[in-house]
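Using the sequences plus the hints, can you model the full thing?
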Amino acid sequence: MTENQGAPQALTAFFKSGPTDEIAQRLLGAKLSVGPLSGYIVETEAYLGERDQAAHSYGGRHTKRSDPLYQEAGLVYVYQIRTQFLLNFIAQAKNVPQGILIRGVQPATGVTQMTANRHGKGGYDLTNGPGKLCQAFGIDLKDNNVFVDRGRVCLSLTEHKKPAAITAAPRIGVPNHDEWTLAPLRFYVTGNPYVSQMRKRDMNLTTEGWQSK
DNA sequence: TTCTAGATCGCCT
DNA sequence: GGCGATCTAGAAA
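The first sequence runs contiguously to residue 1660 in this note's numbering.
Incorrect hints may have been included.
Cβ pair distances, simulated, as ranges [unchecked claim]:
1. Q1658 <-> R1512: 34 to 40 Å
2. E1606 <-> R1529: 30 to 36 Å
3. H1624 <-> T1653: 36 to 42 Å
4. E1469 <-> H1624: 17 to 23 Å
5. E1497 <-> A1611: 30 to 36 Å
6. R1508 <-> G1465: 20 to 26 Å
7. P1622 <-> G1567: 30 to 36 Å
8. P1466 <-> V1558: 33 to 39 Å
9. R1508 <-> E1606: 33 to 39 Å
10. A1540 <-> G1506: 15 to 21 Å
11. K1463 <-> N1592: 17 to 23 Å
Hint data in this document are derived by calculation from the structure and do not stem from the laboratory.
The beta carbon of each residue, even a glycine, is placed where N, CA and C say it ideally should be.
Here's what the structure looks like:
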């Protein structure tokens, strides 16, 4: 337990391989899994640390709750808001408090189990939002502060789909922070129906936003 | 389909 | 004591 701290080397390297907003885009299409449940990431948001007014680490705040943000790349950071949980991955080196919020996932396996976790809510409502996907995957605070692939939450960069197009948009739930409210740090697979707040007329139900091959 | 309001809990100040 | 990186239901056009 004393050695092998941190995420597998490839994942650690991935989460440090460029600016956080760029990593957030490359995360689209990666495969997320928790035990037998899995899905493809279709929507992310980047949080840019000390200078980002919407981040927990804005202005260098370093509290018990936000401590995972300051740790090594590849850490899973689960945060509770009201009655919901939100799933984040830590990016960049230690003491660089940046992270990526997972907002939407397209289910791949274990759909029956996810539907049960969501109390029977099915279809596109299954995982099209950060609180919803955590409920569907059964993610909660026991998964917080654990490196990816070292606990229940795993990530595969090799088994992934390729987005046909990526849309950048302002983040959700970030009011009254001027430039940070409008900053295009939210990325999603254009036309994918599992993106949160996607309107039906904007969905592409044929390709679901992926490259055909 | 789109908008509005209320629920509800741990952490921060 | 107050607030938040949300979700859901209900109403109206």
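Hint check results:
Distance hint check for Q1658 and R1512: the Cβ-Cβ separation is about 39 Å, which falls inside the suggested range of 34 to 40 Å. Restraint check, E1606 to R1529: a C-beta distance of roughly 33 Å satisfies the suggested window 30 to 36 Å. At roughly 37 Å, the beta carbons of H1624 and T1653 sit within the given window of 36 to 42 Å. Remark: the range hint 17 to 23 Å for E1469 to H1624 is upheld by a beta-carbon distance near 22 Å.
Between E1497 and A1611 the beta carbon distance is about 35 Å. The supplied range of 30 to 36 Å therefore holds. Between R1508 and G1465 the beta carbon distance is about 25 Å. The supplied range of 20 to 26 Å therefore holds. A C-beta distance of roughly 32 Å is found between P1622 and G1567, which places it inside the suggested range of 30 to 36 Å. A beta carbon spacing of about 34 Å between P1466 and V1558 agrees with the range 33 to 39 Å that was offered as a hint.
In this structure the supplied range 33 to 39 Å holds for R1508 paired with E1606, their Cβ-Cβ distance being about 36 Å. Range check, A1540 to G1506: Cβ separation about 19 Å, and the 15 to 21 Å hint holds. For K1463 and N1592, the hinted distance range of 17 to 23 Å is satisfied, since their beta carbons lie about 19 Å from each other.
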